[in-house]
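Participant: The lines below spell out each chain.
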Amino acid sequence: MSKPSDLIQGTLDLLILKTLSLEPKHGWAIAKRIQQVSEDVLQVTQGALYPALHRLEQQGWIRSQWRASETGREAKFYFLTKAGRIQLQKELAQWERLSHAVGLITMA
Amino acid sequence: MSRLLDILRLRIRSLTRRDRVEQELDREMRFHLEQQIEENIARGMNPGEARRAAVRGLDGITRIEEECRDMRRTNLIDDLLYDLRHAFRALGNNPGFALVMILTLALSIGANTAIFSVVNGVLLRRLPYPEQDRLVRIFTTNANYPKFPINAWDFLDFRARNRSFENMAVMTRSDVQLSGAGEPVRLTAFAVSGAYFRVLGLSPERGRDFDFRDELPGNGHIAIISDRIWHDRFHADPNIIGKAVWLDQQSYTVVGVMPSETKHPGNEYRAIPYGDSVDVWRPFTFQGNPNRRGSHFLEGIARLKKGVSPESAQGEMNSIMGQLGVEHPDNDAGWKVLIVPLYREIVGSSERMLLVLLGAVALVLLIACANAANLLLARATGRQREIAMRLALGAGRWRLIRQMLTESLFLSVAGGLAGSLLALAGVKVLVALLPGGFPRAQDIHINLGVFAFALAVTIGSGVLFGLAPALQSYRVDLQNNLREGGRGSSGSARHLRLRNALVVSELSLACVLLAGAGLLLRSFVNLLLTDPGFHSDHVVTAIVSLPNDTYKNDVSVSRFYDQLVGRLSTLPGVRAAGIGSDLPWTGYDDNLGGFEIEGKVHPPNEEFHARYHAATPDYFRALGIPLIRGRFFTAADAAKTPSVLIINQAMADKYWPGEDVIGHRINFFSDHPKESDWTRIVGLVGDVKDTPEKGAAQPAFWWPVAQVPFPAQEAAIAIRSDSAPLLLVNSIRNSVRELDPALALANVRLMDQIANASVSAPRFTLFLVGLFAVLAITLAAIGTYGVISYSVNQRTQEFGVRVALGARPWDVLRLVFAQGLKLALIGVAIGIGGALALARLLRSMLYQVSAADPLTFSAIALFAFAIATLACYIPARRATHADAMVALRSE
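Going down the list, the protein sequences come from chains X and C.
Quick note on the working numbering: the first sequence kicks off at 1 and runs consecutively.
Quick note on the working numbering: the second sequence kicks off at 1 and runs consecutively.
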């Protein structure tokens, strides 16, 4: 499950929003974090990540700011807006409903 | 909320700070790349290897960046700007093409806008009366008089008995001479009943309105004046109310001043059209015997109660009229009531004319669109290779369609802008050209609504004519086009079919317009060729009015006319000088009914009736109305001599068919006539119709001015001269002054002007429809030329080969003509068919020509065909010059 097209539609948004809910991060860090937390199962390519970030920003769920990264270089950090937090709750709920439903079928 | 603001801020930023945003995207990608390189080094790669691996990972960075840009959602605008630049460049490369397109569009959009502004002002704008839908005009009608004024006593009964109207009023024109406030001046004035202004929903800006008490005899010496004369004649005197003014040499007290926006609702009898200035209103007083109800001269106007329809009001009024017919069988039996909504009465016959013009100009626009589509298609065909190339390089088809539409919209907007400017000037010209008495001409302006219309037409036509080429580009066949190098492909065959269809429709629409113009032209020529019944050349006319007070009785009036005619006849250069009650074709329609013809009995419920006039001996000679039998009046037909009469041919035909009318007698006023009550017919004159387009003249008779039973306070002078009649005007004026310095000469006109004005409506329609038809056939010719010319270009090689193989120029010519004339034939056939169906709409505007006139239709078909042939001829000649060597070499 490495290619973004394999991700269920909209799941990438959920992963990004969830990742950003802890603290602001730049694109590289978001990708790394998803990879680590998923124990290398989920690898988000740049080709999927950056358009998704720009889309979320254009939708007003996240905002960006340039600040110094851990290495001292300027990086574009993204953080959740208030609307983004609400959106995250919605997406989480939806995800749980979906995975529960899938679970019911696969366990049956 | 804050989310929406965020979004807005971002969008604006990506539009306005494009460089900054692009830089940031670049930096973001670079940062990612460097992180990856560092990680790779940390894993143990050497720097070169680490960089290469990282770049590989960031495969297709342009695509990623492109996708990020897509997320900004400002592409539409970016693309639009790009497309506009592209369209501008493409058109700039071919300025002749662009100019033809923009010019034809400007002409047709401008014409549409100008005509629409007239339609908007005349038909769509509301009348300046509150709740205009409730206003109606009231007439009476019977077998003889389809639309007739009301009798005063009948009106009082209508008013007392009806339940349909909130208020009813009557008005009648009674002009006055104002003296004692500057030069004496003749003013348009109306006598109106009490609730007149309340019916219209208007009230004086100063002073008071009339009320019902003012209708009583003796209370009538009060007046309401217009804002105009209050300013012009009374210097806007703030204390005007209560002051006395001299009207017809009698003192009237001013009780009110109407506001400047007061509009006359228009009247029919001695007509003043809607909106023309009326300066004085006086109360109409009801006097006389309420049981004598034969005279009809009041015009009714009323305001319906809320929720009452004109139809139900007419029903109620008819039942009241029925009661009155029982109560007053002599006068009121056989009459009915006619109710016409005021709007309809004002707009009247102009509606059909305007809708015809709007239809005609819309056809021109359709042709211009077909033409534009045609020209764009020709270009798109030339660009097929470019389009195929771009498609192959990955351009989206939707993106290409949008680009083509941008180009067509660019053209239509340019055309629309130029057209709106044309319309601004055109409307002024149109209003100046409008036929005299055209309703609401003063309401015609270019306003926001008109501009909205122009905008809608502009966008609509841009999309319409851009769609065909755009969709064609969508269907470009990549393989064929790239392989064949864009020459003679199957795609262009499809193009050609579509373009042929466009040419056929252009030709057929142009035929419809040509046929309409042709019919109007024939009708107009018929009008001009119709014998008017008089000779208008070398005749000058004028109106003179005698104030009631100085000229109290018939004797003083007729003595004045007698003296005036005497003076006028002796002026040098005068061949004949006459005075009459009226002039031909000026809207006079005074009718007299109920007289008795010796030896005849009228059919039940249909009294004898005829137009009545008065004339001095030389009146007929001055106007050139021919004497058919008997004699004209002479000086011997005086007040005390036996009364005599001249009648017209129509009256002779109606009441004495096949008889010699001279010597027959009529009794006008007596139930038990003495010998002296009979009036003898001494002359028979030719017919003069009410207006030139009327089918027949009304029965009419003339009394000698010296014997006329009603004093004619206002009379028309007609003078025939040897030389230019206008040279006489000053001498005429002096002759009047010498007799009475207080009198003014009004309405000095040549009879030629009157005759001209009476055909101004058909001339106006003919002029515009003709103009549109010329525009239409020109566009159709351009379209035909374009298609044939293009196909000749396509077949240059073929023709070259044919010439090389021995074909003569004539053979090549025939080939080209065969193609062009086939289109022309189909187009003309469809056009004539459509015109035959549509010409019915013109029927009411045609005079002595059938809406399916074979002569017009065949002439039009031939003409359109000839134009199409001409349009084929130029490219066909080029084809005959096809050079065999050039053709073979390029193969």
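One thing to keep in mind: the hints can contain errors.
Derived list of chain X stretches under chain C, where covered just means 3 residues or more per stretch with a C-beta under 8 Å from a C-beta of chain C [to be verified]: (1) 19-26; (2) 75-87.
Partial chain X-side listing against chain C, Cβ under 7 Å, derived [as the list claims (entries may be wrong)]: (3) 50; (4) 58; (5) 60; (6) 97; (7) 101; (8) 103; (9) 106.
In case anyone wonders, no lab produced these hints; they're calculated from the structure.
Remember, it's a predicted structure, so these values are computed and weren't measured experimentally.
Using N, Cα and C, we set each Cβ at its ideal position, and we do this for glycine too.
Participant: Each hint needs a verdict: does it hold in this structure or not?
Facilitator: These are the hints, each one checked on the structure:
1. 19-26: violated (count 1)
2. 75-87: holds (count 5)
3. 50: holds, 5 Å
4. 58: holds, 5 Å
5. 60: Status holds, d = 4 Å.
6. 97: Hint violated; residue 97/X Cβ to chain C Cβ min 24 Å, cut 7 Å.
7. 101: Cβ of residue 101/X sits 30 Å from chain C, so the hint is violated.
8. 103: violated, 33 Å
9. 106: Residue 106/X check fails; min Cβ-Cβ to chain C is 33 Å, beyond 7 Å.
The earlier numbered hints that this structure contradicts are 1, 6, 7, 8, 9.
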